[in-house]
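Q: All chains, please: the whole structure from these sequences, using the hints.
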Amino acid sequence: MNFQLIGVNHKTAPVEVRERLALPESRLPEACKKLIEHPGIEEGMILSTCNRVELLAKTKNGSADLRGFIRNYFQVDPADFDQHFYEYRSNDAVRHVFRVTSSLDSMVVGEPQILGQVKEAYALARAVGAVQSQLDSLLTRAFAVAKRVRSETAVGSSSVSIASVAVELAKKIFGSLHGKHVLLVGAGKMSELAARHLLAHGAGTIFVSNRTYDRAVSLAAKFNGEVVPFDKLYDSSDRADIVITSTGAPHAIFRREHAERFLARRRNRPMFFIDIAVPRDVDADVNKVDGVFVYDIDDLQQAVAAHVADRKKEAERAEAIIASEVERFQSRLQSLDVVPTIVSLQDHLETIRQAEIDRVRGRLGTLDPEQELAIDALTKGIINKIMHTPITTLKVAARDPEATTVIDLVRRLFNLQDRKGQTKSTAAGDQGAKR
Amino acid sequence: MSLLWLRVAVGCYAVGLIYALVALSRTSELLGRLALHAAYLGMVFQFVSLSEAVGASGQLTLASVHNSVSLLAFIIMAFFMLAYGIYKTTSPGIIVFPVVFLLTFIAATGQQPILFTSPGVRTSWLFVHIALIFTGYAALILSFGASLLYLVQERSLKMKKASEIFSRLPALETIDEIGYRSLLIGFPFMTLGLIAGIVVAETTYGRVNFLDPKVTLSVLMWAVYLIMLYTRWSSGWRGRRAAYLAAGTFAAAIVAWAANYFSSIHRFVS
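Taken in order, these protein sequences are the chains called V and Y. Following this note's numbering, the numbering of the first sequence begins with 1 at its first residue and continues without gaps. Following this note's numbering, the numbering of the second sequence begins with 1001 at its first residue and continues without gaps.
Think of the hints as simulated: they come from the structure by calculation, not from any bench. Values in this document were obtained by computation on a predicted structure and should not be read as measured data. Virtual Cβ for every residue (Gly too), placed ideally from N, Cα, C.
Some chain Y residues judged to face chain V by a derived CB distance under 10 Å, without partners named:
# : residue
1 : Ser1156
2 : Lys1160
3 : Ile1175
4 : Asp1176
5 : Gly1236
6 : Arg1240
7 : Arg1241
Restricting the straight-line Cα-Cα distance to at most 16 Å, the calculated cross-link-like pairs of lysine to aspartate or glutamate (EDC-like) are:
#  : chain 1 : residue 1 : chain 2 : residue 2
8  : Y       : Lys1158   : V       : Asp283
9  : V       : Lys312    : V       : Glu111
10 : Y       : Lys1161   : V       : Asp310
11 : Y       : Lys1158   : V       : Glu168
A: Laid out in structure tokens, this is it:
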């Protein structure tokens, strides 16, 4: 678990700092190569987006001089940036990578782009050989974690804005927005945006009504819609399922009696008023009419806030997922570390035992099956007794940070080097197959 | 054996009941899926149970109260599954599952089967009568359930409680469609079922006694149903008023069912 990460992001550093360190995609491969040439670093990857620059490395002994690399490569003095850098090691680095990939560390939590950006950085680094087995399994796991967070929590669900909340509400009333007509009363920017959102979700014709006729015409032209003359407003409003109001009128335009008349003409099909005007264009009483739903700007903002609060709760759930995943990843990596060593150690000893039995076989003369069994049991017993403590120690050591030291020592003591090379090459072969 | 399968089915529907109770306070997609699968399984067991009951008596008639209650539950589930197939929502289950559970539970725990005394039970017309009427009942129950869901969703939209609005209840229009369509489908079944009932009565007794409470109440229920359907169709009523209508028709249906205990010609005795 000798992972190490250093970086700056939108929370720790202003854009002036981030842009000094940012790397365009074209320079990333060469930078990755430089990174793994840096002393103490075995594997490396660089993530550079507009909100963050991070160097991730698998080091030889858990403490490589990443700041030294930054000084050399970017020709900047890290001391100037010290307060902006964050640095994580082993588990903390793993957690950070998981959080970034799952979009929990993003400016807009849950935004989906970051996953793609990490994937790209990973592919680039891998193409130049900077990412190998360890970082590979870390990143592969990170992508799986991101997927899990996305599917098990609502962190990534729907962006939050007034227009998008209006669309969600409309969908909760009408189901599909297909063929639903929209009437814009007043030609403001906000109502235009809301209309655009509704159209994107399948809404039908857009009607536009405005006191200034020309504004209505130009806005209607944008949506290929129809103009409703302002003095005909009450006669044709019932054609619309969704009414968005944003006029500067000092008094309410739509009152309860209007809404009742619309509903009667619509044979009680529901109507949705989105009132983004201040002062309001739709009287509060309209909401009391059966089948009419009125949301003013405050209601929408509250819905947005509720969404954001929901998201916070979801983010907490996501953090819990990540915590458990970090633990799982850690134990998996460690068991991966120690298991091949134990296996090759056992193989090694078994080979010796067999060879020794074969060697003395001739001198023992003919043996009956019982004696054969006894010799077998005796030799195996000796080996097991002797090996019991070392193997237990290895398993315990796997949980320590110095695991690799102990494993290396055992390998050297028993001269298991060759087999290690073998397992490594098969592992690489597996990855090759995965590709 | 038939009873055993039915009891297994009750167990399956119990999962649906739990889903319905939990869904009142919070939504759980996993539980919804689980309830759906349990319901499928329950339907299979119930079908086996019903088939065995039919096989045991050697005729197509469902000559006991328990079997007919069980059949009603089965048809309601079939309707629910149909609605699920079209609208991909388990929300009506909040109302349907408890009803089905209760009906199946009654069917599975009753003591001795109670038999119809009418000599007409052997005719297949009776089976047609029962099947059609029950399909009508099932449609009514689903529609009533949808009306209640509509009220819940309408209320949360009016109160502007975002957390409730964005829970997994389907859109208002979808709920309305489920309710209206099941009404539409149910009506012809109810009508034909009553006609079949009249045929049974004529062949059994030679004439139809319109003064018998069962007959009177059934015709009354049919009229209420028709009025409701017409009102909904002509005025597009939905929400509160539609729920009242559905509740009224539902009550009429229950009264017509209860008439089995007063009627002289159409009753269960032990």
